[in-house]
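Residue numbers (the numbering used here), protein chains in the order written: chain A, 1 to 242; chain B, 1001 to 1210.
Source of the hints: derived by calculation from the structure; they are not laboratory data. Even for Gly, the Cβ is constructed at its ideal location relative to N, Cα and C. It is possible that part of the hints are untrue.
Here are the computed lysine to any residue pairs in the SDA-like style, where the Cα-Cα straight-line distance is at most 20 Å [to be verified]:
hint	chain 1	residue 1	chain 2	residue 2
1	A	Lys188	B	Thr1031
2	A	Lys8	B	Thr1004
3	A	Lys204	A	Glu224
4	B	Lys1003	A	Asp71
5	A	Lys69	B	Ser1005
6	A	Lys69	B	Pro1011
7	A	Lys69	B	Gly1013
8	B	Lys1108	B	Asp1061
To give an idea of the chain B side of the interface with chain A (calculated C-beta under 8 Å), a few residues [as the list claims (entries may be wrong)]:
hint	residue
9	Ser1005
10	Leu1027
11	Thr1031
12	Ala1033
13	Thr1034
14	Asn1060
15	Lys1139
Some chain A residues well away from chain B (every beta-carbon gap over 10 Å; in silico) [stated by the list, open to error]:
hint	residue
16	Asn17
17	Tyr36
18	Leu58
19	His73
20	Gly74
21	Pro82
22	Thr90
23	Ala114
24	Thr167
25	Ala173
26	Asp198
27	Gly220
28	Glu224
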Amino acid sequence: MSTVAQTKPGPSISFENVSLTLGNTEILNNLSFDIYSGALHCIIGPNGGGKTSLLRSLLGQMPHSGNIKIDWHGNRTIGYVPQTLNFDTTLPVTVENFMSMTCQTRPAFLSPSAKDRKLIEAALERVNMAGKSKRIFGQLSGGERQRVLLAQALLPDPALLILDEPTTGLDKAGAAIMGGLLQELKAKGVTILIIHHDLMEVKKIGDCVTCINRKVLFSGCPTEELTAERILNIFSSAREAA
Amino acid sequence: MNKTSRQLVSPSGKGRETMYVLFAAILVAATCATLIFLNQKQSAVAGLESFQIRAFSDLNDKELAVFNGLYTAAVEINGIHDDEEEWLTVKQLEGELMPPFTKDSSWKKSGKYTWDRVLRPAGSMDIALYTGHPEKGKKMGSFILLFLHDHAKKQGNARTEPTHAPYEIWYHPAPGKTAPQVATDQGFISAGWKEVIAYSGEDEVKRVKG
């Protein structure tokens, strides 16, 4: 089933004194933590705590200060699954067109080459969306759309996979597919960074966890860091737990 | 074997975007300013001759109504003359319900002008004058709708542009002023008549924009 041919480990990432202020609002304040190569690193924290802003800073989409260093080991492909995709649902864009955007250089409305089509079909198959490549993207259900977003992040093979609340809108089957895929990618050495809200899931799948609420509240191994008291403190009143 | 390459993620913008936008704004403003400067023309307002007056500013409301009627009627009278080589009589114009000749409520409101048609053929020139005077006691001026057709120019293959407009509207502030004996521009001017000028849309644009 797998088409991932990852031979080199994913990158390690180092956040050093990263801050972000938009207008007069301080989003991130002096964050420092590391993500290890090939690790499945989870970011947790209350809503509005700056998790998505941190990911976007990592992607170079925010005017952050401080240093974000990525140590690549060969492949420099980043796969990104956004939290939501804002687009006009009436756009006549098929799933195949949408997938084409990530893997072909020519305009997406032109049919993909046989080679690209094969890759697209394989990626869709991995998220159990095979045979739906001709469907209009805007007409997919929320869960199906989320799966397609995941599939596009797999093209081309990523060394770093960034997922912003990937299980939001996914049903049980979709979540299972996602879980399987993450394990598969992790086994290939891909560094995975996930914003997650399901703390039980974080405990189960995560190698590392970092809790953010404008600053790093704690960072480390989920089984050690995610104590019941901390979880209660963070998510009941969003006050500092550290 | 694994070569590690370190990448430092650059913050988005980093001040450059603001600079680019500022630069683009300055460039657009400078380009616009240059183009405006280069394309600037002194808007020469088409001035009036000393013997002309402007319909919209120099006539009162009722006179303007009469002028507007004449201005429209002139086109019709001229067209019919071109087709049938006859100058419509005042009676005919009344019959055609043509303002300002027809005696409708507008005619009553606009000074009850009495019209008179005079034909003065002079050589190749075919001249027709429609003279109008307001009812006695009204503080309104006299109008003349003057047609000057030079039929000599229509003969042979000569293709020359007419040297005179086919029709003109002249005004005199005196209500009972009669038409001058000599129906030339100079004749009208020396008798104290003023040519009324109405700007067409195109003329007005030219007048305003230069």
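A quick look at each hint next to the structure:
1. A/Lys188 / B/Thr1031: Roughly 56 Å between the alpha carbons, so the hint for A/Lys188 and B/Thr1031 is violated.
2. A/Lys8 / B/Thr1004: holds, 11 Å
3. A/Lys204 / A/Glu224: holds, 12 Å
4. B/Lys1003 / A/Asp71: Distance of about 10 Å is within 20 Å: holds.
5. A/Lys69 / B/Ser1005: holds, 10 Å
6. A/Lys69 / B/Pro1011: holds, 12 Å
7. A/Lys69 / B/Gly1013: holds, 18 Å
8. B/Lys1108 / B/Asp1061: holds, 14 Å
9. Ser1005: holds, 5 Å
10. Leu1027: Violated, about 24 Å.
11. Thr1031: For B/Thr1031, the interface hint is violated, since the closest Cβ of chain A sits about 29 Å away, which is over 8 Å.
12. Ala1033: violated, 32 Å
13. Thr1034: For B/Thr1034, the interface hint is violated, since the closest Cβ of chain A sits about 34 Å away, which is over 8 Å.
14. Asn1060: violated, 61 Å
15. Lys1139: violated, 69 Å
16. Asn17: holds, 13 Å
17. Tyr36: Given that every Cβ of chain B is farther than 10 Å from that of A/Tyr36, nearest at about 13 Å, it holds.
18. Leu58: violated, 6 Å
19. His73: violated, 5 Å
20. Gly74: violated, 7 Å
21. Pro82: Holds, since 16 Å exceeds 10 Å.
22. Thr90: holds, 30 Å
23. Ala114: holds, 33 Å
24. Thr167: Non-interface label stands for A/Thr167: nearest chain B Cβ at 26 Å, farther than 10 Å.
25. Ala173: holds, 36 Å
26. Asp198: holds, 28 Å
27. Gly220: Consistent with the label, A/Gly220 stays out of reach of chain B, its closest Cβ about 23 Å off (over 10 Å).
28. Glu224: Consistent with the label, A/Glu224 stays out of reach of chain B, its closest Cβ about 29 Å off (over 10 Å).
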